[in-house]
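Colleague: Listed here are the chains, written in short residue letters.
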Amino acid sequence: EAGVAQSPRYKIIEKRQSVAFWCNPISGHATLYWYQQILGQGPKLLIQFQNNGVVDDSQLPKDRFSAERLKGVDSTLKIQPAKLEDSAVYLCASSLTGVPYTGELFFGEGSRLTVL
Amino acid sequence: TQLLEQSPQFLSIQEGENLTVYCNSSSVFSSLQWYRQEPGEGPVLLVTVVTGGEVKKLKRLTFQFGDARKDSSLHITAAQPGDTGLYLCAWVGYYQLIWGAGTKLIIKP
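Here the protein sequences come in this chain order: D and E.
So our numbering is basically just the index in the first sequence, starting at one, shifted up by 23.
So our numbering is basically just the index in the second sequence, starting at one, shifted up by 8.
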């Protein structure tokens, strides 16, 4: 079974530029999550989708971050304009169930963003 | 204020030693999960604990859930370099996980 796919693995941009990350979850998984992970810290949830609806985006900086999950399958996370403090690994995860949460999260390898 | 406190934040030991890391909260957990994240990878689920006092073993890893379901520990026996990684505990909420900051573990050969 294919895992969660993310791209790109690495991205380096200048501040104020834009960047987009793509995620394809495990087939059949209803729920998709985007996390931001600062080096050495735990993941911080940015947005959670169930199918193509948003369950939680309370920690998404909506002035610069946006995310969509068209057709309830793959998803894109965009940052525009980027700031230095956005340097982090962006992890995508999926789970078979959504609300209530049961089971486990399956993570992709992450996309490492460096903002200069 | 962190809902989940993990300690220590960082631990570096020699191969063959034993160690314990902790996950604590002032709140009662419905259930708790432990994940391990290796460098350059996403976290991978190790175990889910549900019942107060529960003990689960995964080869050399022993997970314990406190009787009051407010804390959990992970004990590694005879640590190996392959155990190196970030160990994360996560409180299972109604629709998402609440994560601790993790314990970064380095096992030196």
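Any given hint might turn out to be false.
As the list claims (entries may be wrong) - As a list, the in silico DSS-like pairs of lysine-lysine whose alpha-carbon atoms are at most 27 Å apart:
#: 1; chain 1: D; residue 1: Lys34; chain 2: E; residue 2: Lys64
#: 2; chain 1: D; residue 1: Lys101; chain 2: D; residue 2: Lys34
#: 3; chain 1: E; residue 1: Lys65; chain 2: E; residue 2: Lys112
#: 4; chain 1: D; residue 1: Lys67; chain 2: D; residue 2: Lys38
#: 5; chain 1: D; residue 1: Lys67; chain 2: D; residue 2: Lys34
#: 6; chain 1: D; residue 1: Lys67; chain 2: E; residue 2: Lys112
#: 7; chain 1: D; residue 1: Lys67; chain 2: E; residue 2: Lys78
#: 8; chain 1: E; residue 1: Lys116; chain 2: E; residue 2: Lys67
#: 9; chain 1: D; residue 1: Lys38; chain 2: D; residue 2: Lys106
Unchecked claim - Computed footprint of chain E on chain D; a stretch qualifies when at least three of its residues, placed anywhere within it, have a C-beta under 8 Å from a C-beta of chain E:
#: 10; stretch: 60-73
#: 11; stretch: 114-121
#: 12; stretch: 130-136
What the hints assert, rightly or not - A few chain E residues that face chain D, going by a derived Cβ cut-off under 10 Å, partial list only:
#: 13; residue: Leu27
#: 14; residue: Tyr30
#: 15; residue: Ser33
#: 16; residue: Gln41
#: 17; residue: Gln45
#: 18; residue: Leu53
#: 19; residue: Thr59
#: 20; residue: Gly61
#: 21; residue: Tyr102
#: 22; residue: Tyr103
#: 23; residue: Leu105
#: 24; residue: Ile106
#: 25; residue: Gly110
Hint data in this document are derived by calculation from the structure and do not stem from the laboratory.
Think of the CB as a built atom: it goes at the ideal place given N, C-alpha and C, for glycine as much as any other residue.
Colleague: Run every hint past the structure and note whether it holds.
Modeller: Status of the hints after comparison with the structure:
1. Among the hinted pairs, D:Lys34 with E:Lys64 is inconsistent with the structure: their alpha-carbon atoms are about 40 Å apart, more than 27 Å.
2. Restraint check for D:Lys101 and D:Lys34: satisfied, since their Cα atoms lie roughly 13 Å apart, inside the 27 Å limit.
3. Of the supplied pair hints, the one linking E:Lys65 and E:Lys112 holds, its CA atoms being roughly 21 Å apart against a limit of 27 Å.
4. Among the hinted pairs, D:Lys67 with D:Lys38 is consistent with the structure: their alpha-carbon atoms are about 21 Å apart, no more than 27 Å.
5. Our distance criterion of 27 Å between C-alpha atoms is met by D:Lys67 and D:Lys34, whose separation comes to about 20 Å.
6. A distance of roughly 17 Å separates the Cα atoms of D:Lys67 and E:Lys112; the hinted pair therefore holds under the 27 Å criterion.
7. Among the hinted pairs, D:Lys67 with E:Lys78 is consistent with the structure: their alpha-carbon atoms are about 21 Å apart, no more than 27 Å.
8. Of the pairs offered as hints, the one joining E:Lys116 and E:Lys67 holds, with about 20 Å between alpha carbons and a cut-off of 27 Å not exceeded.
9. Only pairs whose Cα atoms come within 27 Å are accepted, and D:Lys38 paired with D:Lys106 is accepted, the gap being roughly 5 Å.
10. Here the stretch 60-73 of chain D counts 7 residues with a CB under 8 Å from a CB of chain E, which clears the bar of 3, and the coverage holds.
11. With 3 residues bearing a CB less than 8 Å from a CB of chain E, the stretch 114-121 of chain D meets the requirement of three and the coverage assertion stands.
12. Chain E is given as covering the stretch 130-136 of chain D, and this holds because 4 residues of the stretch bring a CB closer than 8 Å to a CB of that chain, at least three being needed.
13. Taken as an interface hint, E:Leu27 does not check out: its beta carbon lies about 18 Å from the nearest beta carbon of chain D, beyond 10 Å.
14. Taking 10 Å as the C-beta cut-off, the interface hint given for E:Tyr30 is violated, the closest approach to chain D being about 15 Å.
15. Hint status for E:Ser33: violated, given a least beta-carbon distance of 14 Å to chain D, over 10 Å.
16. Checking E:Gln41 against chain D by beta carbon gives a least distance of about 7 Å; that is within 10 Å, so the hint holds.
17. For E:Gln45, the interface hint holds, the least distance from its beta-carbon to any beta-carbon of chain D being 8 Å, beneath 10 Å.
18. For E:Leu53, the suggested interface contact is upheld, since its CB lies about 4 Å from the closest CB of chain D, less than 10 Å.
19. Against a cut-off of 10 Å between C-beta atoms, the interface hint on E:Thr59 is violated, since the closest Cβ of chain D lies about 16 Å away.
20. Nearest Cβ of chain D to the Cβ of E:Gly61: about 22 Å, over the 10 Å cut. The hint is violated.
21. Interface restraint check: E:Tyr102 against chain D, minimum CB-CB distance 5 Å, threshold 10 Å, status holds.
22. Interface hint at E:Tyr103: satisfied, since its Cβ lies 4 Å from the closest Cβ of chain D, which is below the 10 Å cut-off.
23. Evaluation of the E:Leu105 hint against chain D yields a held restraint, the C-beta minimum of about 7 Å falling below 10 Å.
24. Interface hint at E:Ile106: satisfied, since its Cβ lies 9 Å from the closest Cβ of chain D, which is below the 10 Å cut-off.
25. This hint holds: E:Gly110 has a C-beta 5 Å from the nearest C-beta of chain D, less than the 10 Å allowed.
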